[in-house]
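Student: Spelled out, the chains give:
2 protein chains.
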Amino acid sequence: MTETDTGTTTGTTTRSAPANPAAALAPRLTGSVVADPDAMLAYRHDQSMLTAAGTPAAVVRASSVDDVVATLEFAYEHAIPVVPRGAGTGLAGGANALDGAIVLSLERMNRIVSIDVAARTATVEPGVINADLAAAAAEHGLWYVPDPGSRAISTIGGNLATNAGGMCCAKYGVTLDHVATIDAVLADGRRIHVGSETRKNVAGLNLAQLLVGSEGTLAVVVGATMRLRSAPGTASTVVAAFGTTAEAIDAVGTIVARTTPRAVEFLDRTTVRAVEEMTRMGLDTEAAGLLLVQCDGRDASGEAADVVAACASAREVYATDDPEEGEQFMAARYAALPALERLGSTLLDDLAVPVPALPAMLREIEAIALRTGVTIGCFGHAADGNLHPTVVFDAADDEQTARARAAFDAMVDACLALGGTITGEHGVGVLKRPYLCRQVGETERELMAGIKRVFDPRGILNPGRGF
Amino acid sequence: MTETDTGTTTGTTTRSAPANPAAALAPRLTGSVVADPDAMLAYRHDQSMLTAAGTPAAVVRASSVDDVVATLEFAYEHAIPVVPRGAGTGLAGGANALDGAIVLSLERMNRIVSIDVAARTATVEPGVINADLAAAAAEHGLWYVPDPGSRAISTIGGNLATNAGGMCCAKYGVTLDHVATIDAVLADGRRIHVGSETRKNVAGLNLAQLLVGSEGTLAVVVGATMRLRSAPGTASTVVAAFGTTAEAIDAVGTIVARTTPRAVEFLDRTTVRAVEEMTRMGLDTEAAGLLLVQCDGRDASGEAADVVAACASAREVYATDDPEEGEQFMAARYAALPALERLGSTLLDDLAVPVPALPAMLREIEAIALRTGVTIGCFGHAADGNLHPTVVFDAADDEQTARARAAFDAMVDACLALGGTITGEHGVGVLKRPYLCRQVGETERELMAGIKRVFDPRGILNPGRGF
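Protein chains in written order, with numbering that gives the first Met the number 0: chain A, 0 to 466; chain B, 0 to 466.
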């Protein structure tokens, strides 16, 4: 479909972009428009490394759905690219600015509209911080489950855009699994409401699930009703240190076959040493692999005992029913990335393989680190097969940067060869675009492009990102 | 998009349909083609009531993916509608034949290709019966969870087409939640592979979830890899009889807030009496509502005790940890529809409302039965708010049929007014098409139609069904 076709269909035609979009937009908005180059710098990049970012024409800080509609109507009319943006905590460059684009920031739309205790749902604006929603739910004895590593700083809108995961996915699923309905605005400014308050719904195509993980390429999310659960009670925690990574991953297979922990986290030796260096918490720095496992539910303690039994090959294993002590252990996992960041610049990957392929994937990562001469610290959500191997390098050194990139490429290759995915929970963004065509076939990409044209016929929404 | 556009895009043009599609197709297939009018009768209808069905031009009984490809290439070339069909157990007319169409039966593609115990997945052809997959998984100590009422006779392909639910959805989700990957054939004969073996995957748009519940309108499913769980251990069962439906539903609210049962089933008085009449199992026929609750997991017995406590307002409550006795109680639920069918023709509905709206929905159903003078037996999956109110009438009597239809319409009205969905797990098919535009907005339907054109530009796949 060409732009001319579209213009004909919708009865509008593309006008050339005004010289000053910010000035043209400002009177239409209750929120503010930023056009000062220095002030716009904060909206150029997300938290990814080695991803390109352009200079936007304007940054709209929307304060209402009407602001989003007005911005998109304007952008659609003038065919100006729009980059939707939450808190900018993304790790794949999906919210990086594009030259001449309007960055549409949703961070000011941060109201928790309502919590329905009987229905166990929360209705929120897209800029609500994940941890704020979790805290508000907890006040009602309810639990917002998805817990990406960024939960203290990332927004629900951003979590929806990337279908964010986290630690509790092992038992409770990813963001997708906690969505009831989504309100969004199409590229041309029309509003849509998709999904259902009911847990079961097959009335029409599943547009809600299609929007989740679409990285701002199909529509701009302006609200969502998310499902809550009853608080899970006290968790029991198991820490197990293994002499070899193979033993650690063997134990993961046994754990998931016999029990259903809410989190099964893995840290390799490089990561354990970096964490111990930073925290001095007394981790076993001679271990080749550390597992941190949390069980919840009616028999957390009994389940933890079964986890201990599954870790029979461990050098050392320790279980605790004390929630505070448990969180102290889990802190080792939360510290993984900050600890590796102390060693240099980091290029964080987000690969997932079927669980039985984890040992092979870890062997490949070790071999790649040796071959390319870079340090790779590897940690991640073992029960989901989702690893975050992190290349540590000196970004100021071109030769090291090239080797880091080579290691990164080689890890993606290995992951695809093992039947894995190039991104489990961070999204394609800019960072993974070069690899997508090796995972997703030509016909499937044609379908995705066709769907994109249905939602966004002029291609203004986050062009060149995602699929 | 017009057909001429499409023809140009794909490099093929529409040819007029041959006089005898069966004869033209037969030499291209390893499976068989049925064109005898009597033999084709068995492929005209699914199990729905009051749904129109046409006379097909041919029935293809595919025995391989190549047969499906050949059939679709032929149908696409000649713009002949194709109605994909599993076991024909649908309840909304989605697999009813259309005049002049090719019915594409997948029931002979019924091989369980493999079960991967380590990855806990099963790869199947679409014609595999749900219960056969469950039995094959059980041989490995694994569990295929989705358990629609039709599980003994319905296929995985059909379950995917309608995103079939069942009883265990309360805890474990619907068919959608158990899909890893889907292999399908597009209208023009091209094959696609969507989804991921990994539990987390955000590489591109979620085409797998889009196919699930699309009722054969986007592509023909020719294979799927479904996720399995470890066997859940012994279930504990609670039966509670209530003096009023309000008390029963109040108890449901308490149960789902405090516990996570795998099934919470409700039967109203009409249904209980019909079941007792048929089975003589000793149910309390004076009760206004019966709850059947099953708990599994590490502390099934303790959880069942909490369920009993939540049923404090019951006339009578009984719990058992004996699995055989538990299944005897659950048999009352399985008997609901057969028991009502003994009273006359039945028009089975499939409405879902948010759980807090269940009492209002049940009151509406009672009022509608009184007002229209028909019998309505109501049962369903209470924890999901998913009810199957079943109108009992004499289909040979036009006046009664009209009243049955009026009651059916009024129930859909009430459901929509309460924020519900017109179909929780049976699909839109033919039966629910008239109501869809009242649940799904115009813009959302435009998007669905646009997506349909992307997958099936000539509109040959199950036209007029679903969204």
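Keep in mind that the hints are not guaranteed to be accurate.
Unchecked claim - Some chain B residues judged to face chain A by a derived CB distance under 7 Å, without partners named:
1) Gly188
2) Ile191
3) Gly232
4) Thr253
5) Ala330
6) Gly384
7) Asp412
8) Ala416
9) Ile450
Quick caveat, the hints were computed from the structure, so don't treat them as lab data. Just so it is clear, CB atoms sit at the ideal spot from N, CA and C, and this is done for glycine as well.
Student: Against each hint, give a clear statement of whether it holds in the structure.
Tutor: Here's how the hints hold up against the structure:
{"no.": "1", "hint": "Gly188", "in the structure": "violated, 11 Å"}
{"no.": "2", "hint": "Ile191", "in the structure": "holds, 5 Å"}
{"no.": "3", "hint": "Gly232", "in the structure": "violated, 11 Å"}
{"no.": "4", "hint": "Thr253", "in the structure": "violated, 11 Å"}
{"no.": "5", "hint": "Ala330", "in the structure": "violated, 23 Å"}
{"no.": "6", "hint": "Gly384", "in the structure": "holds, 5 Å"}
{"no.": "7", "hint": "Asp412", "in the structure": "violated, 15 Å"}
{"no.": "8", "hint": "Ala416", "in the structure": "violated, 13 Å"}
{"no.": "9", "hint": "Ile450", "in the structure": "holds, 6 Å"}
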